[in-house]
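Position one of the sequence shown corresponds to residue 1 (UniProt numbering), numbered consecutively onward.
Note that these hints are calculated values from the structure, not bench results.
Where hints are given, some of them may not hold.
Stated by the list, open to error - In silico BS3-like pairs for lysine-lysine, Cα to Cα no more than 30 Å straight-line:
{"hint": "1", "residue 1": "K390", "residue 2": "K35"}
{"hint": "2", "residue 1": "K158", "residue 2": "K425"}
{"hint": "3", "residue 1": "K220", "residue 2": "K130"}
{"hint": "4", "residue 1": "K123", "residue 2": "K145"}
{"hint": "5", "residue 1": "K176", "residue 2": "K123"}
{"hint": "6", "residue 1": "K390", "residue 2": "K299"}
{"hint": "7", "residue 1": "K145", "residue 2": "K181"}
{"hint": "8", "residue 1": "K158", "residue 2": "K123"}
{"hint": "9", "residue 1": "K299", "residue 2": "K268"}
{"hint": "10", "residue 1": "K441", "residue 2": "K425"}
{"hint": "11", "residue 1": "K87", "residue 2": "K62"}
{"hint": "12", "residue 1": "K62", "residue 2": "K268"}
{"hint": "13", "residue 1": "K176", "residue 2": "K45"}
{"hint": "14", "residue 1": "K209", "residue 2": "K158"}
{"hint": "15", "residue 1": "K417", "residue 2": "K478"}
{"hint": "16", "residue 1": "K480", "residue 2": "K441"}
{"hint": "17", "residue 1": "K242", "residue 2": "K220"}
Here the structure is a predicted model, which is why all the values come from computation and not from measurement.
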Amino acid sequence: MIAVDNLAVEFSGDTLFSEVSFSINEQDKIALMGKNGAGKSTMMKIIAGVQKPTRGNVRTPKDAVIAYLPQHLLTEDDCTVMEEASKAFAHIFEMRDEMDRLNKELETRTDYESDAYMDIITKVSDLGEKFYAIEDTNYEEEVEKALRGLGFKRTDFKRPTSEFSGGWRMRIELAKILLQKPDLILLDEPTNHVDIESVIWLEDFLLNKAKAVIVISHDKTFIDNITNRTIEVTMGRIYDYKANYSHYLELRADRRAHQIKAYQEQQKFIADNRAFIERFKGTYSKTNQVSSRERMLEKLQIIEIDEIDTSSLKLRFPPAMRSGDYPVKVEELTKMYEDHVVFKDANMSIARGEKVSFVGRNGEGKSTMIKAIMGEIDYEGHCELGHNVKVGYFAQNQAALLDSELTVFQTVDEVAKGDVRTQIKNILGRFMFAGDDIDKKVSVLSGGEKTRLAMVKLLLEPVNLLILDEPTNHLDIKSKDVLKEALQNFDGTLILVSHDRDFLQGLSKKVFEFKEKRVIEHFETIDDFLQRNRIENLKQIDLMA
C-alpha cells in the first residue's frame, strides 16, 4: 500500500491544496478529477517523486516500482523504436551483465576458501534465482505485443525514434511503462495521442494486467471503463469516492446540493444573529448575549460551495447559407508519397446535413483525406466541394493560424456577431479562459490554450460544412460537452475525426473506416461501429504473434 500523508503545496503564499491524505491499494484504479488548475498534475508529480511538496510526504513500500507518464516528454533520438521500448527490461540486461562479470571473476580467482570468494558465489546464486525467474518471459515478444497494441507496425520497429512525432514517441514511452509491470502506473492524459483501437488495447491492459493505476483524463468513456475509484481535487482539498466517474458525478451532485442547503441555512442563521445584534446593541440587559453572538460569528467557519456549475451555457452555430445537395464528393481518389500508398481508389459522397466520422488507426489516411478535401495536397482522382459550401475547418495545427498580436478577447470578438457578443466572457470561461486570461496576447498562450481559443473562434463563425480533425485533445470535459451539444444542434454537414469515443457517440450516423489502404463506408451509427469494432479488435489483439 502507498500512503499519501498530509500533502500541501503552496506557491508564493497561495495554497494549491493542503492536508491531503489517502492510500493507494494494490488493485485500485483511480481517476484523479478536478477543474484545470486544481492541482491534479502537481499531485501526480509528487506521487511520482519528480516534485517535492511544501509539506507532507508519500510513503512507499521498499522495492515498489512507480511508473509515470507525463503529458509532455523529452525523448532521445539515438536508437530504434524496438531498442527504446526494450529499455523497459534494462534491469534484466543489467542482472545478466553482472552475473557474467561475477562468473568471470570466479574463473580467475583461486582463493576458494576465502570469505570474499563465498560472497561472490552467494551473489551469483541470488542474482541467478531472480534472473531465471524473469527469463521465463520472452521480452522480445512482450515488447512486440505492446508496440503493436499501441498502433506500431512491425516495419516501424527498426525505424529511429527521431522519425516519429511527439504523439508516437509518447506511445513508445507508454509501452515502456506498461512492460515494466509496475506496482503503480501514473498516467496524465494518456489518450490524447492514441487512436481508438489503441485506447481499447490500453483499457484491456490496465484492467486485466496492471496493478494500481491513477489516471488524469478528459475521456469520459476511458475513465469510466477502467476506474473503480474517483478522487476529486477541489478548492484545496479532496473528496474520495469508491465509484467510477459516472457514479461519482451523481454522488458529487448530491454533495453539492447538501452544501447549498447547508450554506443557505447558515446564511439565514448569520442574518438572524446579526439582526439580533443590531437590534439590541447598546441595550444593557442584552449586553452579554450580544457579545456572545458577536464572538460566535467571528469564529464561525463559513461553508464553501464547490466550483460554480455553469452548465446552463449553450452555444449554437450562427446560421449560414444553404449548401448544395452534396457538399463533398470523392471519386477514385488515390494518394501516394513516393512509393508509399496512403489509400487507393477511395470513393465517398457526403450529403447535405449528414454527420459522418472518419475512424482508423493513426497513419491510415484520415487527416490526409481531409487535406485532400481542403485542397491542401496533390492527389490522383477527383475531389470537390459542392455549391455554396462554406467550410469551417479545425486542423490539428489550427493554433498556428491565430493572429499572435491580438488578445484572447479580441480574437473572439472579431468573429462574434449579434447577441452572442454579450456572452463572449462566459463562452471563454467555459473553455478555461477566466479573469485576466482574456486580456493575454495570443503570442504568450501555451499550445493547448491556443487550440482551445481556435475552437471558440470556429464555434462563432457561420459555416455549413464543418471539418474537425481531433478537436478535443486540449478540452476538459465541460468544454467538450459545450462543443458536442453545439455539434448535435448544428444543421449543416459534419466530418469528424476523433479518438474520443464518448465525444463521438450520438454525433454521426455514417462511418468511413480507413484501413489497409482502403476507405470503407459503414451505414451504421458510430455507437454501433465502435461496439462491433471493440469486439473484433480485442479478438485480433489476442491473436497477435
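Discussion item. Tell me the numbers of any earlier hints that the structure contravenes, in ascending order.
Written reply: 1, 2, 3, 4, 6, 8, 12
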